[in-house]
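Trainee: Just so you know, the protein sequences line up as chains G and S, in that order. Everything in the first sequence is counted per my numbering, starting at 1 for the first residue and increasing by one. Everything in the second sequence is counted per my numbering, starting at 129 for the first residue and increasing by one.
No lab work stands behind these hints: they were computed from the structure. Just so you know, nobody snuck in bad clues.
To be clear about the criterion: a stretch of chain S counts as covered by chain G if any three or more of its residues have a C-beta under 8 Å from a C-beta of chain G, and this derived list gives those stretches:
hint, region
1, 174 to 183
2, 187 to 196
No farther apart than 30 Å at their CA atoms in a straight line, the calculated lysine-lysine pairs in the DSS-like style are these:
hint, chain 1, residue 1, chain 2, residue 2
3, S, K174, G, K103
4, G, K65, G, K103
5, G, K103, S, K157
6, G, K65, S, K157
7, S, K174, S, K157
Heads up, the beta-carbon is just placed ideally off N, CA and C, and yes, glycines get one too.
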Amino acid sequence: MACPGLRIAANFVPVQSPACAPIVFLQSLEEPSLRFITIPVLVLDPQYRLQVMDQDLEILDWRAKRQPQVGEDVLCLAVVSIRESGSTANLMAPLVVNLQNHKAVQAVVPQSNYSHQEALFAAEAPPC
Amino acid sequence: MMTRRQGETILIGDEIEIVISHIGRSRVKVGIRAPRQLLVIAQEVKLVGDENRAAALAPSVAALTAFVAQFQPSPHTFPLLPEELFVGQDAGTKTERISK
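Use the sequences and the hints to build the structure in full.
Mentor: Printed below as a string of structure tokens:
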């Protein structure tokens, strides 16, 4: 899987532990110090509509004429950045994994309704 | 602002050339010739690249613990990834290879 901004990144293993659910850690096999913290997009937004560009569908080896369904055809993970100022998730460019062949791509959507820095938890805080 | 037709070119300085190579219904194909040392990428790819680098920085254990804690206690239970995605399980941790 090629990730913009990172020179080396090819193979990742997902690591998941019930204690850390719903977080999925993506550990790089080439670079031991590189791992992403990700969360399935449907956890962040149950209404999330995945839109994968043609060139990315090709990388996934997705042959059907329709868009892949999250959860059924593909695993769709948002990369999280943990910052002091508040954590954000990149819903503009989710990591998409073809569940059939395990090929993956970071699907950048140019005209996404989502930001590359969607605030986490802000909207979920109970109104006081 | 500058108006161009398909096939026409814009020059920026002596070394950068932009050709409007095809105009579709909602997209244009643009050819760009620039010195090798200049990075030419779509804006969103730059944003995502910066974001990936920020995400790749390992957070402190405290920050990560606090982050995980925000999901718990939660009114929801989160389903784990489908079992068939994984080969070789050991206590509580599952791994599987995603290849390019």
